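Respectively, the protein sequence lines represent chains A and B. Be aware that the first sequence starts at 0, since it is given in numbering that gives the first Met the number 0, and climbs by one per residue. Be aware that the second sequence starts at 0, since it is given in numbering that gives the first Met the number 0, and climbs by one per residue.
Treat the hints as calculated values from the structure; they're not laboratory data. Some clues are possibly wrong.
Remember, identical chains collapse to one label, so a pair may be satisfied in a single copy or spanning two.
The list that follows gives simulated cross-link-like pairs (lysine-lysine, DSSO-like), each with its CA atoms no further than 27 Å apart [unchecked claim]:
no. : residue 1 : residue 2
1   : K3        : K203
2   : K198      : K300
3   : K267      : K61
This structure is a prediction, so every number in the text was calculated from the model and none was measured.
Number of protein chains: 2
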Amino acid sequence: MSEKNRQWIFLKRPHGLVTEDIFERREEPVGEPGEGEILVKVEFASLDPANRAWMEPVPTYKPPVMPGDVMHSFAIGRVVRSRADGYEAGDIVEGMLGWQDYAVLPASTVRKRNPRHSLEHLLGVLGITGLTAYYGLLEVGRIVAGETVVISAAAGAVGTIAGQIAKLKGCRVIGIAGGARKCAWLTEELGFDVAVDYKSPGFKSELAKAVGSGVHVYFDNVGGEIFEAVIPHLNTYGRIVACGTLTNYNDAEPQPGPRGLQVACVVKRLRMEGFIVLDFAATWDKAEADLASWIEAGLLKPPVDVREGFETLPGNLVGLFNGTNKGKLMVRINSSSGPAQQG
Amino acid sequence: MSEKNRQWIFLKRPHGLVTEDIFERREEPVGEPGEGEILVKVEFASLDPANRAWMEPVPTYKPPVMPGDVMHSFAIGRVVRSRADGYEAGDIVEGMLGWQDYAVLPASTVRKRNPRHSLEHLLGVLGITGLTAYYGLLEVGRIVAGETVVISAAAGAVGTIAGQIAKLKGCRVIGIAGGARKCAWLTEELGFDVAVDYKSPGFKSELAKAVGSGVHVYFDNVGGEIFEAVIPHLNTYGRIVACGTLTNYNDAEPQPGPRGLQVACVVKRLRMEGFIVLDFAATWDKAEADLASWIEAGLLKPPVDVREGFETLPGNLVGLFNGTNKGKLMVRINSSSGPAQQG
Numbered sequence: 000m001s002e003k004n005r006q007w008i009f010l011k012r013p014h015g016l017v018t019e020d021i022f023e024r025r026e027e028p029v030g031e032p033g034e035g036e037i038l039v040k041v042e043f044a045s046l047d048p049a050n051r052a053w054m055e056p057v058p059t060y061k062p063p064v065m066p067g068d069v070m071h072s073f074a075i076g077r078v079v080r081s082r083a084d085g086y087e088a089g090d091i092v093e094g095m096l097g098w099q100d101y102a103v104l105p106a107s108t109v110r111k112r113n114p115r116h117s118l119e120h121l122l123g124v125l126g127i128t129g130l131t132a133y134y135g136l137l138e139v140g141r142i143v144a145g146e147t148v149v150i151s152a153a154a155g156a157v158g159t160i161a162g163q164i165a166k167l168k169g170c171r172v173i174g175i176a177g178g179a180r181k182c183a184w185l186t187e188e189l190g191f192d193v194a195v196d197y198k199s200p201g202f203k204s205e206l207a208k209a210v211g212s213g214v215h216v217y218f219d220n221v222g223g224e225i226f227e228a229v230i231p232h233l234n235t236y237g238r239i240v241a242c243g244t245l246t247n248y249n250d251a252e253p254q255p256g257p258r259g260l261q262v263a264c265v266v267k268r269l270r271m272e273g274f275i276v277l278d279f280a281a282t283w284d285k286a287e288a289d290l291a292s293w294i295e296a297g298l299l300k301p302p303v304d305v306r307e308g309f310e311t312l313p314g315n316l317v318g319l320f321n322g323t324n325k326g327k328l329m330v331r332i333n334s335s336s337g338p339a340q341q342g
Numbered sequence: 000m001s002e003k004n005r006q007w008i009f010l011k012r013p014h015g016l017v018t019e020d021i022f023e024r025r026e027e028p029v030g031e032p033g034e035g036e037i038l039v040k041v042e043f044a045s046l047d048p049a050n051r052a053w054m055e056p057v058p059t060y061k062p063p064v065m066p067g068d069v070m071h072s073f074a075i076g077r078v079v080r081s082r083a084d085g086y087e088a089g090d091i092v093e094g095m096l097g098w099q100d101y102a103v104l105p106a107s108t109v110r111k112r113n114p115r116h117s118l119e120h121l122l123g124v125l126g127i128t129g130l131t132a133y134y135g136l137l138e139v140g141r142i143v144a145g146e147t148v149v150i151s152a153a154a155g156a157v158g159t160i161a162g163q164i165a166k167l168k169g170c171r172v173i174g175i176a177g178g179a180r181k182c183a184w185l186t187e188e189l190g191f192d193v194a195v196d197y198k199s200p201g202f203k204s205e206l207a208k209a210v211g212s213g214v215h216v217y218f219d220n221v222g223g224e225i226f227e228a229v230i231p232h233l234n235t236y237g238r239i240v241a242c243g244t245l246t247n248y249n250d251a252e253p254q255p256g257p258r259g260l261q262v263a264c265v266v267k268r269l270r271m272e273g274f275i276v277l278d279f280a281a282t283w284d285k286a287e288a289d290l291a292s293w294i295e296a297g298l299l300k301p302p303v304d305v306r307e308g309f310e311t312l313p314g315n316l317v318g319l320f321n322g323t324n325k326g327k328l329m330v331r332i333n334s335s336s337g338p339a340q341q342g
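Assemble the whole structure, with the sequences as input and the hints as a guide.
Okay, structure coming up:
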């Protein structure tokens, strides 16, 4: 194949915030799949807070990205050529495809997806993002109808889905997001009961007013001061779903945990639990079917924020940490030849 | 009754550390029980880290102690006079009897105890202390034979029992305590596998060496920097039993939580859970029987640190936070007329 493969190379670990200069653009010949491998044309790359965590030299749930690597990324694309049983050209596959036009990788490391849905949905609400919201609330938080649920980074990829799942399960849902525009969007478009702006000078008192008689489940995507502000409102036997720590990912040094957490944990018998969606892989099909059925029934609107073009990848990752996105942020690297069905 | 009732009155909330001058000694006539009440002669008062938490104006699992109150305390004594069905003179009862010679209180607020055991054991290993260790490890931490368990404040009342329960359940047990003398006592007398001195300049590296391949359960009695030091050693799916936060109780302001907890919680899927032993009251009889059987079998040695005399109560509470005790700290206020059997 004479076509070029554009790649973004991870040059060096950031110290603190991600900046565009830690990436370098390169062009390589498109690779050829070996035995058991597939060649995939990448269509959408998912930009996620976890991308920052992968840049630290310590392993997370996967090995870290190393200087010189093509930047790691969950992504979705179509098989161009296959030398693996069970895969053929045109198949939609999702996996760690990276920031590039073409990935060559063992078929065993990707997941074949259902072509009935759009690629945007497969990568977002029906992928890691939606599954994270689903398992975080239902398996870790164990929400019950009538409970009050607070969600931070509520306008983000996971937060928008989590809030709507909590609503359709009969909970009262309070979103925390940055800025009046995002807050209005959460209540007017996505059905959150209340949205509180953490950038407002009156944030703490607005949160206190919003939570009313207390919080049963706090779905934490951010850690830090926002987490700290929620702690006094947690009810006895409250649950903290430790989904992410957006405010910590960019720190060069580990930050102190929220004030008052330990005393509250003992006195209120709180349970704080972390999870990784990969741990629930055995039941992903059921979760995906649930999520798809809620979308079809009009109960779940999956907001997708698609940015265009390979060249925009580094800038959009920087923007993710500045909160520029509403809903699931992804970059379209290449367009599919065949039209994808919506659903 | 013409006898006097000595009392220690809680005068004012401490700002930071407990000091003796927040208490005032007083003598009052001994009270008379009303209908449904009992008059109890207090024999032993339990000194517990939680005493400090009760002094803050926010309710914990019980209402706070208010300036002017007789200082609250778990204690054990014998009924002198009863106007309540089911209670008679000589019965051993445990409850919130307070720092005084005689308590008058509704019989419904105390618990009648089995006279087969000594009062020291009933108040310690067979009371709140032992039950806290028991439920913390077995119900919250869910220890499994072969796992590595780390216990902070290991030479304290709960820690000494928790370490021995973890041992008899087949775990490898590492205690964290202050000073070489306490550490030697833990390994030589109580069977801990290793004890690490948090006052040692090499604490962190000694801890790293002691934990070997990682920690399955951390039984946290202290919070703060010791908790922080354990976090990097927790295994994936590690559990943190949030039993107490000794280092936080004396703080005037809430302290920051341990660094790195939130990131570790997500990446390692940690579960941190608080509990209060009162929540398990339905199965206390079974737990007490287990604990008593382990003592009889020689598998559990309950160390008791008895200080003598009503006058020493304030000073010994101050000492508790300076780590002067080994094992369960209690003050003998009055001696029983009849000899208690050991067991």
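Outcome of the hint check:
1. Proximity of K3 to K203 under the C-alpha cut-off of 27 Å is found in neither arrangement, the shortest distances being 53 Å within a copy and 51 Å between copies.
2. For the identical chains of this complex, K198 and K300 are intra-copy neighbours only, at 26 Å inside a copy versus 55 Å across copies, given an alpha-carbon limit of 27 Å.
3. Proximity of K267 and K61 under a CA criterion of 27 Å is satisfied inter-copy only: 11 Å between copies versus 34 Å inside one chain copy.
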